[in-house]
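So the protein lines, in turn, are chains A and B. In case it helps, numbering that gives the first Met the number 0 puts the first sequence at residues 0 to 164. In case it helps, numbering that gives the first Met the number 0 puts the second sequence at residues 0 to 596.
Fair warning: there could be bad hints in the mix.
Listed below are the simulated DSBU-like cross-link pairs for lysine-lysine, each with C-alpha atoms no more than 35 Å apart in a straight line [as the list claims (entries may be wrong)]:
(1) A:LYS1 x B:LYS492
(2) A:LYS51 x B:LYS112
(3) B:LYS476 x A:LYS48
(4) A:LYS48 x B:LYS389
(5) B:LYS492 x A:LYS48
(6) A:LYS1 x B:LYS481
(7) B:LYS492 x A:LYS85
(8) A:LYS10 x B:LYS481
(9) A:LYS157 x A:LYS116
(10) A:LYS1 x B:LYS112
(11) A:LYS54 x B:LYS492
(12) A:LYS48 x B:LYS424
(13) B:LYS564 x B:LYS533
(14) B:LYS103 x A:LYS54
(15) B:LYS564 x A:LYS85
(16) B:LYS445 x A:LYS51
(17) A:LYS17 x B:LYS445
(18) A:LYS10 x B:LYS403
(19) A:LYS128 x A:LYS94
(20) B:LYS533 x A:LYS54
(21) B:LYS17 x A:LYS10
(22) A:LYS10 x B:LYS103
(23) A:LYS51 x B:LYS481
(24) B:LYS403 x A:LYS48
(25) A:LYS54 x B:LYS403
(26) B:LYS528 x A:LYS17
(27) A:LYS85 x B:LYS528
(28) B:LYS17 x A:LYS51
Don't read these hints as lab results, they were simulated from the structure. Bear in mind the structure is a predicted one, so any value in this text is a computation, not a measurement.
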Amino acid sequence: MKLSELGPEFKTEVMSHKEAEGLNLCFACGTCTAGCPIHEIFYEYDPRKLAKMVKLGMREEVLASPYIWYCTTCRNCEQRCPQNVKFFDILNVLKNMAAKEGYAPHSWIEQTKQIMKNGIIFSITEELKEKRRALSLPALKYNGERAKKILKLTGIDKVKDQGKA
Amino acid sequence: MPAEKEKRIGVFICHCGKNIAGGLNIRDLVESSKQVKGVSFVAENKFSCSEDGQQDIQKAIHEQKLDRVVVAACSPSLHLMTFQRCGEKAGIEPQFVDLVDIRKWTMHGSPQKTNPEEAFEQSKSLIELAVKRMRLKRLIPMAEIKAEHSILVIGGGVAGLEAGLDLADKGYNVYIVERLPTIGGKMALLYKVFPTNDCAPCILAPKTAYANIHPHITLLTNSEVKSVSGHVGNFNVNILQNPRYVDLDKCTGCGECVEKCPIKVKDEVFSAGLGERKAIYIPYDQSIPKKAVIDAENCLYFQKGVCRLCEKQCPTDAINFDQKANSVEIKVGAIIAATGFDEYDPSPKSEYGYGRYSNVITQFQLARLLDIDGPTNGQLLRPSDGKEPKRIVMIQCVGSRDEKANPYCSNICCMYALKHAQIIKEMVLPKAEIFICFIDMRTVGKGFEEYYRRTRELGVLFIRARPSEIVQNTETKNLSMKVDDPEIGRLLKLDADLVVLSCATVPSSGTQELSQILGVKLDGYGFFKEMHPKLRPVETNVRGIYICGSAQGPKDIPDSIVQAKAAASCADSELRKSKIKIPQSLVRTSQLKKGDK
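This is chain A alone, in the form it adopts within the complex:
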C-alpha cells in the first residue's frame, strides 16, 4: 500500500461532518474494539482499525467494506472511549457516504423496503401469521405508512441498490 496513492481528502470529507470531528483524537487504545460484540465474531470489523483507515485515506477499502454495515448500534465503543470519540456517529457518516456511492448492501436495502411496507423488518409471511395465532398473539397490524413517512424524511428511500455490494 502506497501512501502516495491515498491522500488526506477522505479524512477531511469525513470530518467535515460535525459528528465525526473527534476522529483525530483517537490514540488507538483499542478499548472500542475490545468491547465490540461484532468484532468478536467478525474480526474484520474493527472500530480502531477503521478509524486509522479513514485517517490514512483508504477511501475505497472503507466504503466498499461490507463490515461497516455489521454494527449492532450498541454504542459500547463510544461509551468506553476515553477520548470521547463518537465512533458510532463516525460510522454513520461512513455508511451515508457508502450508500451515496452505491455500496449499500442488497440485504440492507431490502430490509428498509420491508419496513416501509410493513412497519417491521421482517416480511409478514403466512408462516409468521400462523406462528402468532398458535401463540395466541394478536394479528399484526399493517403500519408501514408511518414508518414510510419517517424514512422518507431521512432520504433513505432514495438509496438504490447498484449491485456494488
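Fit chain B to the supplied structure of chain A, relying on the hints for placement.
Quick look at chain B alone, frame taken from chain A:
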C-alpha cells in the same frame, strides 16, 4: 492647588522581529501613538528587550527627559520586570514603567494569520489606555517591612520535608503542618520506589528522622491550616491541632495500649482498606512521631462511654480523653504548599468493577500488599479468598488521559506498574504471569527506560491495548476480559486471578479549601497553579506562597525533590533580605483584616 507639571511620556513599540511587525503596520501605530495626549516621544525597536533595545530606551529617557515609559511589546508577566529595571537604571521609578501586550494580537497561530486591522485597533487602544494610566498615576508609597525569619510548610510528605529541611538548615524556623498523625506522606507507604527499587521508608527515614529532631523544625501532626492573613514576610496563620487524646510528651510509642484495645477497624489510610488497625493505633513502625493516636469515631469510650482499657494499660499515663482541639497562631514570612495527591477512586469506571469485584484492586493497594511491613506482610494474596494469584493483569490509564475523568497524563503510573511487576516477578511470585495492558508506555526519566527493559527481561508481557470491560465469575471470583492485541491481530480472552488498576493521580482532598484559605489559584484540574508553566514553576499568584511536589501536578519523587528545593530557594531569596519592599496599601489592608477579627 498648583497645576501639576505635565508628564513626559515615552512610548516604545517593539517589532519582536516579525512576531509583531509581521502582523500589523508599526509605522501607523507610531503615528497614532504620537497623537495620544501626554505622549512626548515615540520610537520603535526591533527587539525592545535586547541590549540594543534597552539602550535605545535609556538613551531616549535621558535625551527626551522622559519621566514615564510605556512599552508596547509582549506580556507583562514575561518582561515587565525587564523594562522596569531598564527604566530604573535611567532614573525612572519602576512603578512608572508599563508594558502592554500587543503581541497577542499578532500571534493567533502566526503573524500571517493575523487580521492586521484588528491587531492595529486593539494595539492602538491598549497603548492609549496605558498612556492615560501612566499620565494619571501617582506614586504608590512602598513600605519596608521586616520579614519574619520563619516558614510554614503545609504537608509532611517527601516534598514538604525536603523543602522544610532545606530551609531549616539555612536557619529559618520551619513549621511543618501535617493532616495525618504521622509525617512521611504517600512515599512511606509505597514499599519500594523506582527506578532503583530502594525500600521507600528506608530512604525516607533520614528525612523524617532529621525533621523530627531538627532544632529549627516544629512538627504539627494531626493538624490543619484554618486561616491565613497578611502578606509576604508577614503571614499570620491559624492552625487547628486536632486532639490525639495521647500526650505526645508522655507517650513512648511502646504500643501496649494498641495491644489491649478491643476495637478493630478497617485501616483505610495506611493499609488502603486492605488491613485492620485498632481504635488506638500507631500508623506504622517508622511513624514520626511514633506515638499512639485515638480514632474517636471508633473508640468505645467516645462512642459508648465505656472501656478506657488503653488508659489503664499505659505505663506513662499518656492517655488523655479530655484533650481538646488546640488553635495555634504562628507568624511566618513565607508559605510552601506541598499537599501532594490522592489516588483516583476508580468506582465511576464501573466497567472495570472496582468496588464490586473483590479481586480488582488499585496499584496503591498492591503496594500495600507487597510491603513486607504491610497488612499481609508482603504476601500477595488476592482479597476474595486469600490465595496466591497465578495470573495478574494490570490496566493502565484508568481515569487518566480520559476526557470523561481526568484528561491529563498522571505521569507516574507507567513506572509504578513496572515497579510492581518487577517486585512480583523478582521477589514475591516469580511464577505468576503478568500482563500490562497499556496505551502508551511512558518511561521518560533518568534510568527509566532501563527499568522498562529490566521489566521485559523478567518476562512481563505487554499488550498495547485495553480491555473494554471486566467480567467476574460469581463462584470463583476470577476475572475475565477481552483485549484486542494489535500486534498479533487477534482478540485475546484474558483470564486473571487479580486485576490491578493503574489509577490517575488527583489533587489531595482539601486542596480546593486550602486554595481559598491561601488565595492561591488552582488549574483546571484542581492542582495548584504555578505562576508560569515553564519559567516560574513553584511560584504562585500570591507573593510569598510557593508550591512543590504533586500539589502542583502529578510528579514522581525525583521531580518532587527538585521542586521542593526550588520552592525553598524561592522562599529563601525572598526572605533573606531582612527588609521587604511592598506597597503600603497592602500592609494597611492586611492590618485592617487582622483588626476586624
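Quiz item: Holds or violated: are the alpha carbons of LYS564 (chain B) and LYS533 (chain B) at most 35 Å from each other?
Solution: 16 Å, holds
Self-check item: Hint consistency between LYS528 (chain B) and LYS17 (chain A) [alpha-carbon to alpha-carbon, up to 35 Å]
Solution: 34 Å, holds
Quiz item: Is the Cα-Cα distance between LYS51 (chain A) and LYS481 (chain B) 35 Å or less?
Solution: Answer holds: LYS51 (chain A) to LYS481 (chain B) is near 21 Å, not above 35 Å.
Quiz item: Is the straight-line distance between the alpha-carbon of LYS1 (chain A) and that of LYS481 (chain B) 35 Å or less?
Solution: 33 Å, holds
Quiz item: Keeping to a limit of 35 Å between CA atoms, is the pair of LYS157 (chain A) and LYS116 (chain A) held or broken?
Solution: 15 Å, holds
Exercise. Would you check the hint for LYS533 (chain B) and LYS54 (chain A), treating anything up to 35 Å between C-alpha atoms as holding?
Key: 33 Å, holds
Exercise. Below or equal to 35 Å on CA atoms is what counts here, so check LYS103 (chain B) against LYS54 (chain A).
Key: 33 Å, holds
Practice problem: Would you check the hint for LYS1 (chain A) and LYS112 (chain B), treating anything up to 35 Å between C-alpha atoms as holding? | Solution: 34 Å, holds
Practice problem: Would you check the hint for LYS1 (chain A) and LYS492 (chain B), treating anything up to 35 Å between C-alpha atoms as holding? | Solution: Distance of about 34 Å is within 35 Å: holds.
Quiz item: Taking 35 Å as the top limit, are the C-alpha atoms of LYS48 (chain A) and LYS424 (chain B) close enough?
Solution: OK: LYS48 (chain A) and LYS424 (chain B) at ~34 Å, within 35 Å.
Practice problem: Given the hint that LYS476 (chain B) pairs with LYS48 (chain A), test it: the Cα-Cα distance must not exceed 35 Å. | Solution: 33 Å, holds
Quiz prompt | Straight-line alpha-carbon gap LYS445 (chain B) to LYS51 (chain A), limit 35 Å | solution = It holds: about 33 Å lies between the C-alpha atoms, which stays within 35 Å.
Checked against the numbered hints given earlier, this structure breaks hints 15, 17 and 28; the rest are met.
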